[in-house]
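Enquirer: Each chain, letter by letter, is given below.
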Amino acid sequence: MRAVLVGLGAVGARAARQLLASPQVDHLAVLARKPVRSRGRSRELSGSFEVAELSPATLPAALRGASVTVLAAPGSQWVAQLSIDAGVPVVSASDRPDEVRALVAMDRQAQGRGLAVVAGAAMAPGLSCLLAAWASSRLDQLSELHIATLGTGGPQCAKRRHASLREPVEEWRDGRWARKAPGSGRELVWFPGQVGGADCYRLNRPDTFLLVRAFPGTSCVTTRAAASRRDRLTSWLPMLRPPHPEGTVGALRVEARGYRRGAAQSVVLGAAGRPALLAGTVAATAALRAATGQLRPGAGGLASLVPDPAAVLAELHDRGVQLSAFEGAPVNPAW
Amino acid sequence: MTSPNRGRGWPAKFKPLSRAMLAVALAGLAALVVRLRGSGGTPPHQGGWRELAASELAPPAKP
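Those protein sequences? They're chains A and B, same order as listed. If you're matching positions, the first sequence starts at 1 in our numbering and goes up one per residue. If you're matching positions, the second sequence starts at 1001 in our numbering and goes up one per residue.
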């Protein structure tokens, strides 16, 4: 198959590596706004690929005969629209709420053409949606979902997190949307791996929107991210120093609360690793499944479009993603 | 007896000291509010994270 990748940043490069390593992909067309910079980064790739400039003139030629389009650069909704028009499934790794909502708004078009348009195929949203879907399958009735993350991928992800700490947060509370102050709701979260505990705060991310859409019966869905006091204090300022090329430490924690066999239970799952690596792996895995028709037609998050989250998580596990479960016990069993 | 300073407020040489003390007190109050605000959480006392094996990633049989 032929695949089209837009953007060769930290996440795009990881996705490209995964796609080129797959025996299913014969050729990868990489489109970038700054192809000179991307050509430098593409030296680390091996396989059949080409790098070209992203423009309305070059995109139709790249989409001809393509099986999937992967979006790993911000502001690529027009690429998604052209891909749908060309009958090519779309997988977006964006974590921007406005872009995710714009992609989900293409649901009717995607269903009409029988295509999958995946919004948010990264670490969070993305892996968070898959873990939430799998955790919900362990319960008879799902009532709450709580997502917490630590770390950022590339510079765009770091800038997005900085901005999201000052934006109002839409949270799903008691079955309806509630507006919360950014950076509020401090909660000590214990992550898997070597990360340990970190204070997490509310921030504006599209996980909540995608999960409420996938699980409309839940009463509460929240999203938090680890942040320091300096992060919160300086969130209204421009970033004081340039973001790092790629974050090295990252973790994700997903808690699903509900009932199983009549008793209240919570399932806590997590993952640890470089955020860009996790995001790129999820995006590539989702792209291969979208290209081979293994996702439901329509536009939405992975929790909505993946019919069997366990199989996708098993594939991610095979690709090196470390998944963990928290096995806790109450301090006093009589409680 | 009447104090010699009565009605005159702080002597001029103590003014910087009183301002410094006020600033320290306000900074301490602000730090206290920042530290105490929020509900925090209780660290887990038992259990822990366990890496999942591929064989565990199968949907359970529901009753």
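No lab work stands behind these hints: they were computed from the structure. C-beta: ideal position from N, C-alpha, C; glycine also. Treat the hints with care, as some may be off.
[Stated by the list, open to error] Pulled a few chain A residues facing chain B out of the computed Cβ check, cut under 8 Å:
hint: 1; residue: G112
hint: 2; residue: G114
hint: 3; residue: G320
hint: 4; residue: V321
hint: 5; residue: L323
hint: 6; residue: S324
hint: 7; residue: E327
[Stated by the list, open to error] Quick list of in silico lysine to any residue cross-link-like pairs, SDA-like style, CA-CA up to 25 Å:
hint: 8; chain 1: A; residue 1: K180; chain 2: B; residue 2: M1021
hint: 9; chain 1: A; residue 1: K180; chain 2: B; residue 2: A1053
hint: 10; chain 1: A; residue 1: K34; chain 2: A; residue 2: S46
hint: 11; chain 1: A; residue 1: K180; chain 2: B; residue 2: R1035
hint: 12; chain 1: A; residue 1: K180; chain 2: B; residue 2: A1031
hint: 13; chain 1: A; residue 1: K159; chain 2: A; residue 2: S219
hint: 14; chain 1: A; residue 1: K180; chain 2: B; residue 2: L1022
hint: 15; chain 1: A; residue 1: K34; chain 2: A; residue 2: R241
hint: 16; chain 1: A; residue 1: K180; chain 2: B; residue 2: L1017
Enquirer: Quick one: which hint numbers does this structure break? Sort them smallest to largest.
Expert: Result: hints 1, 2, 3, 4, 8, 9, 13, 14, 16 break, sorted rising.
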